[in-house]
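A.B. asks: So the chains spell out like this:
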Amino acid sequence: MVLWIVVGGAIDRNKREEIKMKKIFGLILLLAVGLFTGCTKDTEAAKGLAEKKQYTIGITQFGEHASLDNCREGLIGGLEEEGFVEGENLTIIYENAQFDTGTSNQIAQNFVSKKVDMIAAIATPVAQSAFNAAKDTDIPVIFTAITDPRAAMLTEGNVTGTSDKLPVEAQLKLIRAMLPKAKKIGILYTTSEVNSLSTLEEYKSLAEHYNFEIIDMGISAAADIPLAMDRILPQVDAMTNLIDNTVVGSLPVVVSKANEKNIPVFGSEIEQVKLNCVASEGIEYVELGKQTGRMAAQILRGEKTADEIPYEVVEGSSLYINSNVMDNLGLSLPLEYMDRAIDVVEN
Amino acid sequence: MDILIGILEQGLIYSIMALGIYITYKVLNFPDLTVDGSFPLGAAITASLMTNTDSALISSITLGHNPYIICIYALISGGIAGLITGIIHVKFKVRDLISGIITMTGLYSINLRIAGSANVPIFNMDTIFSNNFVYNLFPKALLKYNVLIIGFAITFGIKLILDIYLRTKSGYLLRAVGTNSVLVTTLAKDSGNVKILGIVIANSLVALGGSIMMQQQGFFEITMGTGAMVLGLASVIIGTNLFKKINFVKATTAVIFGSMIYKASMSVAMDISFTKASDMRLVTSILFLIILIAGQVKNKKVKIFVRVKEYLQDI
Amino acid sequence: MLELKNIYKTFNEGTVNESKLFSDFNLKVEKNDFVSIVGNNGSGKTSLINIICGSLDIDKGQIIVKGEDITKKKDFLRYQNIGRVYQDPSMGTCTEMTVLENMALADNKGKSYNLGRGTRKNRISYYKESLSKLNLGLENKLNIKVGELSGGQRQGMALLMATMTPIEFLILDEHTAALDPKTADIVMELTCKVVREKNITTIMVTHNIKYALEYGNRIIMLNQGRIALDRTNEEKEDLTVDKVFSIY
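Residue numbers (the numbering used here), protein chains in the order written: chain A, 4 to 350; chain B, 42 to 356; chain C, 72 to 319.
Calculated from the structure, these hints are not laboratory results.
Hints are supplied without guarantee of correctness; some may be wrong.
As the list claims (entries may be wrong) - With a straight-line Cα cutoff of 25 angstroms, these simulated BS3-like cross-link-like pairs (lysine-lysine) come out: (1) C:K102 x C:K91; (2) C:K216 x C:K253; (3) C:K216 x C:K281; (4) C:K145 x B:K134; (5) B:K132 x A:K117; (6) C:K143 x B:K134; (7) A:K176 x A:K207; (8) C:K281 x C:K269; (9) B:K291 x C:K192; (10) C:K212 x C:K199; (11) B:K317 x A:K118; (12) B:K285 x C:K212; (13) C:K144 x B:K134; (14) C:K99 x B:K200; (15) C:K253 x B:K67; (16) C:K199 x C:K143; (17) A:K138 x B:K132; (18) C:K76 x C:K99; (19) B:K285 x C:K204; (20) C:K264 x C:K204; (21) B:K132 x C:K143; (22) A:K118 x B:K181; (23) C:K212 x B:K291; (24) B:K291 x C:K137; (25) A:K118 x A:K264; (26) C:K212 x C:K102; (27) B:K181 x A:K138; (28) A:K117 x A:K184; (29) C:K216 x B:K132; (30) B:K67 x A:K117; (31) C:K269 x C:K314; (32) A:K186 x A:K118; (33) C:K102 x C:K253.
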């Protein structure tokens, strides 16, 4: 780049253009200065993590999304429980890729150049960018909210984390328990979300054990949802959600259309039940985040390295219900579930 | 310093796509939205050809999954996408923007099919940046700059080829059809075919850019094309505006600069400490505005400077 | 040389706006004719040109150039033998390219636009010479973008570009109408010079009766798609501007 500027400057003999060239050079210099101020956030090269007193973690999140935000909250909370407190011995740099792969790459490179002690990545694309950027360095990458880390090729190397693989079987059991006569379950998903695709496959393979047939409908953007709902509702007895970013982002539309036709919508996470899904045997993203935070702490303390820790899946599931919605739909919860159930309405 | 290298790497690779957009947007005067689909198409073809290790056919046509050969297939696929848009626009007389949108929309589904999944990682596979040839060729010290060096070589090479092409007879015709397609007809040439050629060339470059980007980042994501047109346009416009007065050949260099400035702005936006992570896009757009205005103010300042100098000389 | 036989053309046939322009229209242009076509708006001057060049289709009839029936030929193919200068000086040139590049572009007409060098070095002196004959100072502006030239300079270039390669006939489509009177005169003089030097059959559509009478050997007046006046050589010299106007 400097070479081009010099060459460019030499070729342009016209004085006006010379001045212009200098101004452009000045502008580029200004931008470079702006970059260097960022550099002052550099931490020292990671000698041995266990020896350090101050830690810096770069958190990269794929997009603005309630579940992902919950992960982040849990992650920070989990670290805190393990003694890594933001402001005291921990600095957190948080960047959001705004659902853009290019930005995801830049954030990862940014963190690596700042030589952070760890990169925490929330969702598949940012985790992959981080892994790619950090692979020739010592920086460990810890991920969360990736449904299938194996498919994402994030099982080998200085990387580990938690998977938000949904408790599909538990959900199917719940739906069967609450709707003894239901035959068809509808699932709306976004074709571009790889997490949705793998969960959908699991639903399809387990559904017949519970005498269900899965009717699925793929969309490519939020704008497709109303039409897709109109088409799928007449065919199904109930709907269940994946942790599909696009569908969950438009959940009010989904739920209101389903409720008009008295079709219950089962969620996959507490936030969805709060938004009027009838119930959910789901995972709790804050918990998932905390679990991730605990893993991160282990690595920061130098107890284990990332490649020594295999990725973890959340065991068990949390049962959330929305009693208002249940009443409206005339449904009730079988006895054996009552103890575990947490009613979001009471909060 | 690592930040600068990262920006240069990203800027160089994206500028391949920006050069393609330069051809359609600036030379042909044809706003081409196909790029949102052809950028990931190149990446999808690359992902498919790299990961399908069971297929004997693919092994043979890629000469054993040779990443450089795979790049050529990506290039060709982009050309086909451009051909479709060109035919829709010229033969079926559909408006420029809509023709691009039609192809781009169709490509979303096609890309998914080609790649096989919405996300396809290629972390351990040979790419144009990391393979045995590169490891043997580069001395140890330079190995960590492999992306930068190879990226620079490829981008600079493409720029040179493009510059030379735009000075051939065919290139002249391409430049003419964008400004004045009537002239092309008067020169006894089918202006529609010339346009199609331009769109084909442009999208070939864009798809190649997508392939190389995907090889650098290590995975294919179906959404990687979203906003490609915007990014490319911004690079082209920022670059060409800042370097307006300098003669034609350098426009391609200006576009490469523009791409790097774009990436640099995003990096600066990321690091500004008093803004939240979600403010990044706002900061980036403000930075663009400042750069574009600075590009215009420069001319005024030069005039004032010259006039002041003359005045002082008269005294 | 050029023959229009039994041309029928109706616009908006079958609708409220239907207008029959040409009904069994016939015209013969001989080799080396310099025909001026005049007529008021709507008389069919521009349509006639577009029919000859292929940008306007006809309902019935034939267009024959040197014995060859080109009625079905696509417009860009017809231009292999036709040169055209438009009213808008920007339409006959490429404003984003330099004078030299425009010359090279026009020089290649009829040959393949392949990957060969755009501007051949050994032709540059020829271009310079041709441009200097225009007396517009263009030979010293080889690397200036055509868009920065004046209208008259651009039109001069367009004329040169249209006649650089061998053509059967030249069409001048009100090519001085957008220029100021002085520049228009200069361009008209140039036109006459170029046409005479290269011996090109020329059809000039113009509003300027003075030019129509002063230049060329034949004048045709169109009125609502019919030939109202057709004078050649000596008969033409008898005409004056007033006489022509009275027929208008």
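A.B. asks: Now look at each hint and say whether the structure bears it out.
C.D. replies: We went through each hint and held it up to the structure:
| no. | hint | in the structure |
| --- | --- | --- |
| 1 | C:K102 x C:K91 | violated, 30 angstroms |
| 2 | C:K216 x C:K253 | holds, 23 angstroms |
| 3 | C:K216 x C:K281 | violated, 33 angstroms |
| 4 | C:K145 x B:K134 | holds, 17 angstroms |
| 5 | B:K132 x A:K117 | violated, 53 angstroms |
| 6 | C:K143 x B:K134 | holds, 21 angstroms |
| 7 | A:K176 x A:K207 | holds, 14 angstroms |
| 8 | C:K281 x C:K269 | holds, 24 angstroms |
| 9 | B:K291 x C:K192 | holds, 21 angstroms |
| 10 | C:K212 x C:K199 | holds, 10 angstroms |
| 11 | B:K317 x A:K118 | holds, 21 angstroms |
| 12 | B:K285 x C:K212 | holds, 20 angstroms |
| 13 | C:K144 x B:K134 | holds, 20 angstroms |
| 14 | C:K99 x B:K200 | violated, 53 angstroms |
| 15 | C:K253 x B:K67 | violated, 36 angstroms |
| 16 | C:K199 x C:K143 | violated, 39 angstroms |
| 17 | A:K138 x B:K132 | violated, 49 angstroms |
| 18 | C:K76 x C:K99 | holds, 8 angstroms |
| 19 | B:K285 x C:K204 | violated, 33 angstroms |
| 20 | C:K264 x C:K204 | holds, 10 angstroms |
| 21 | B:K132 x C:K143 | holds, 18 angstroms |
| 22 | A:K118 x B:K181 | holds, 22 angstroms |
| 23 | C:K212 x B:K291 | holds, 20 angstroms |
| 24 | B:K291 x C:K137 | violated, 47 angstroms |
| 25 | A:K118 x A:K264 | violated, 54 angstroms |
| 26 | C:K212 x C:K102 | violated, 35 angstroms |
| 27 | B:K181 x A:K138 | holds, 17 angstroms |
| 28 | A:K117 x A:K184 | violated, 58 angstroms |
| 29 | C:K216 x B:K132 | violated, 32 angstroms |
| 30 | B:K67 x A:K117 | violated, 38 angstroms |
| 31 | C:K269 x C:K314 | violated, 32 angstroms |
| 32 | A:K186 x A:K118 | violated, 54 angstroms |
| 33 | C:K102 x C:K253 | violated, 30 angstroms |
Checked against the numbered hints given earlier, the structure breaks hints 1, 3, 5, 14, 15, 16, 17, 19, 24, 25, 26, 28, 29, 30, 31, 32 and 33 and satisfies all the rest.
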